[in-house]
Amino acid sequence: MSRLNNMDILRRNNVIVKGNGSRPMMFAHGFGCDQNMWRYVVPAFEENFKVVLFDHVGSGKSDLSAYDPDKYAKLEGYAQDIIEIADSLRISDIIFVGHSVSALIGMIASQLAPGLFTSLVLVGPSPSYINDGDYIGGFTRAQIEELLESLDQNHLGWSMAMAPVIMGNPDRKELSEELANSFCSTDPEITKHFARTTFLTDKREILSGVDVPSLILQCSEDVIAPQSVGEYMHRHMKDSTLVVLKATGHCPNLSAPEETIEAIRNFLSP
Amino acid sequence: MKPPGHSDVNDLQANFEDFFETTLCGFIIADPQGSILRANTTIAAWTSYSAHELKGKRFSDLLTIGGKIYYETHLWPLLRMQGFFDEVVLELAGNTGQKIRVMVNAFERRDAAGRPHFIRYTVLKASDRLQYEQNLLQAKKIAEHELARQKEIATLREQLIAVLGHDLRNPLFAITMAIQVLETSLGAENADLIAILKRSTFRMKELVTSITDFARSRLGEGIVLNRQNTLLNPVLEQVVAEMRLVYPAREIDTEFDVARPVVCDPHRIAQLLSNLLGNALTHGDANSPVLVRASREDETFQISVCNKGVPIPPDLQARLFTPFVRNESRPSQHGLGLGLYICAEIARAHHASLTFTSNEERTCFTFRMNVDPPAARVPPGSNIDAGTGPHNAG
Numbered sequence: 002m003s004r005l006n007n008m009d010i011l012r013r014n015n016v017i018v019k020g021n022g023s024r025p026m027m028f029a030h031g032f033g034c035d036q037n038m039w040r041y042v043v044p045a046f047e048e049n050f051k052v053v054l055f056d057h058v059g060s061g062k063s064d065l066s067a068y069d070p071d072k073y074a075k076l077e078g079y080a081q082d083i084i085e086i087a088d089s090l091r092i093s094d095i096i097f098v099g100h101s102v103s104a105l106i107g108m109i110a111s112q113l114a115p116g117l118f119t120s121l122v123l124v125g126p127s128p129s130y131i132n133d134g135d136y137i138g139g140f141t142r143a144q145i146e147e148l149l150e151s152l153d154q155n156h157l158g159w160s161m162a163m164a165p166v167i168m169g170n171p172d173r174k175e176l177s178e179e180l181a182n183s184f185c186s187t188d189p190e191i192t193k194h195f196a197r198t199t200f201l202t203d204k205r206e207i208l209s210g211v212d213v214p215s216l217i218l219q220c221s222e223d224v225i226a227p228q229s230v231g232e233y234m235h236r237h238m239k240d241s242t243l244v245v246l247k248a249t250g251h252c253p254n255l256s257a258p259e260e261t262i263e264a265i266r267n268f269l270s271p
Numbered sequence: 441m442k443p444p445g446h447s448d449v450n451d452l453q454a455n456f457e458d459f460f461e462t463t464l465c466g467f468i469i470a471d472p473q474g475s476i477l478r479a480n481t482t483i484a485a486w487t488s489y490s491a492h493e494l495k496g497k498r499f500s501d502l503l504t505i506g507g508k509i510y511y512e513t514h515l516w517p518l519l520r521m522q523g524f525f526d527e528v529v530l531e532l533a534g535n536t537g538q539k540i541r542v543m544v545n546a547f548e549r550r551d552a553a554g555r556p557h558f559i560r561y562t563v564l565k566a567s568d569r570l571q572y573e574q575n576l577l578q579a580k581k582i583a584e585h586e587l588a589r590q591k592e593i594a595t596l597r598e599q600l601i602a603v604l605g606h607d608l609r610n611p612l613f614a615i616t617m618a619i620q621v622l623e624t625s626l627g628a629e630n631a632d633l634i635a636i637l638k639r640s641t642f643r644m645k646e647l648v649t650s651i652t653d654f655a656r657s658r659l660g661e662g663i664v665l666n667r668q669n670t671l672l673n674p675v676l677e678q679v680v681a682e683m684r685l686v687y688p689a690r691e692i693d694t695e696f697d698v699a700r701p702v703v704c705d706p707h708r709i710a711q712l713l714s715n716l717l718g719n720a721l722t723h724g725d726a727n728s729p730v731l732v733r734a735s736r737e738d739e740t741f742q743i744s745v746c747n748k749g750v751p752i753p754p755d756l757q758a759r760l761f762t763p764f765v766r767n768e769s770r771p772s773q774h775g776l777g778l779g780l781y782i783c784a785e786i787a788r789a790h791h792a793s794l795t796f797t798s799n800e801e802r803t804c805f806t807f808r809m810n811v812d813p814p815a816a817r818v819p820p821g822s823n824i825d826a827g828t829g830p831h832n833a834g
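Line by line, the protein sequences give chains X and E. Using our numbering, count along the first sequence one by one with no gaps and you end on 271. Using our numbering, count along the second sequence one by one with no gaps and you end on 834.
Output of the computed footprint for chain X on chain E, the stretches with three or more beta carbons under 8 Å from beta carbons of chain X:
hint : stretch
1    : 471–478
2    : 499–505
3    : 508–520
It is worth saying that the hints were derived from the structure and are not from the lab. Quick caveat: nothing in here was measured; it's all calculated off a predicted structure. Glycine included, each C-beta is placed from N, C-alpha and C at the ideal position.
Assemble the whole structure, with the sequences as input and the hints as a guide.
See the structure below:
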């Protein structure tokens, strides 16, 4: 494959840069949806930071043709993209904010490219989703198998057979800005593959090697990353802070943006 | 009749309560964090949880594992970002292990400041519908599979025809040569038999060429042209001479005015004339001459073949250029019905037209092509191109 130039990379990942500050702050969305996941959080940081938003390849408005199943079978493939985005923008010493699987991707990138990040904000992170002995990841292997099987059969309409829904609501005023469900719809094959990469990854061994200050934002009652996982990470990561949010669910950035913003602010300016 | 007043309001309230609880839809009201505040008896019945047990659960707690993750990673974000999601297929997981496939709509009520106030879920049982959908998908898959298989068979069949047609040429050539030898060695008393042999081998050659061309066009190769700047007079004379040999008893009149060269594939033009002339001799009135005219004007080149005889029936006229169309009212006539189809393909490859008129007076087929403007002309004999690429007949 020929080397991509900077513009190609920025286009590939639908990179958006905004904000008035000079210190770079990069937001990475997780499995499901796209950079819109940060819409209620980002405005709070635009005043003082140079905010970088992007879509992982295969999500949102990224270049779907760049989706390489081999490359993205490992989280390192996504980490490589993040390093390339930073290179293309000529930024380093970045505050990295990663949600869900992207928290892990950010940790991998921080080890592949030392100096890239000055700190990590990990929102609902998990190094491994499957229970293993004393480790409680939140899911049994059988449950993850069931999940992957339901994706294979597509019997839940995963990744949304959305076209009919989009077409069916032409006069709905909520849709005036963007098409319904477009934030979270993508190619079913890619979603299937991304789910496999996400939920079968076990990266517990890298935790002890993360040497940048990290904030673990743990939700209460998160089905996907239970509190035991946040505590486990906190125990194994040298320079980490654990904050348990009142917010429930897996997406505090959407459910409780104020609480999330406040926790990040406290971490950045102690 | 009840007097209007307070009791009506109570009735209405009771009616709403009843509507919420006793209905074929599941209704759930949740707080802005997604925690269930109230679920109706339908949801309780489907999941085998009591109304009390349901209170405080997240909606995703009621789903199978796939749905749970789908909900938390896709649907909840969607609900928060666009304020609703609808027509999403999920699977409820009951307290006692039962699974029910449902269709879910969710709507977030927001206050004036845009903050979520509460969330409403409408849950509809969808097992039958989804079963039906699955059957349709299954049927579609089977149909697609069958179609792919049929296409494969059709391609194989056409390949077989192409190969067979090609391989029949050699034995035919041997027969033709043998007839020539016999003609000189046998006496005049066998002239009739020789004539029959000649006519039959000629027809066979035509048929072989036709089915080979047809198979090629079906295989997507189309009629491939080898265009040259050609003086067509000798080419056309040759075709007529051959036909006179095959049909010695018939009169063929010619009016050729093609002194200037034409950019075309001379072999294909010969094939076209041979087919048209063959048709005229076969179907036309045996006692009347067939007239072949060719002219090269400044801008057009034209060949026409006319004969007297019974007009082409109207129903046949409409599909004359379709493969395998024959005049079934006259079963004595031979042929596969490919000749005119191939003539039309040759015309198409030359960007020319092939038209006909047929009445009591006479039947005429006319091939007419525009001649390249003078600037584009090349010296006679030079090769213009190797072909025009595939012309799919389908």
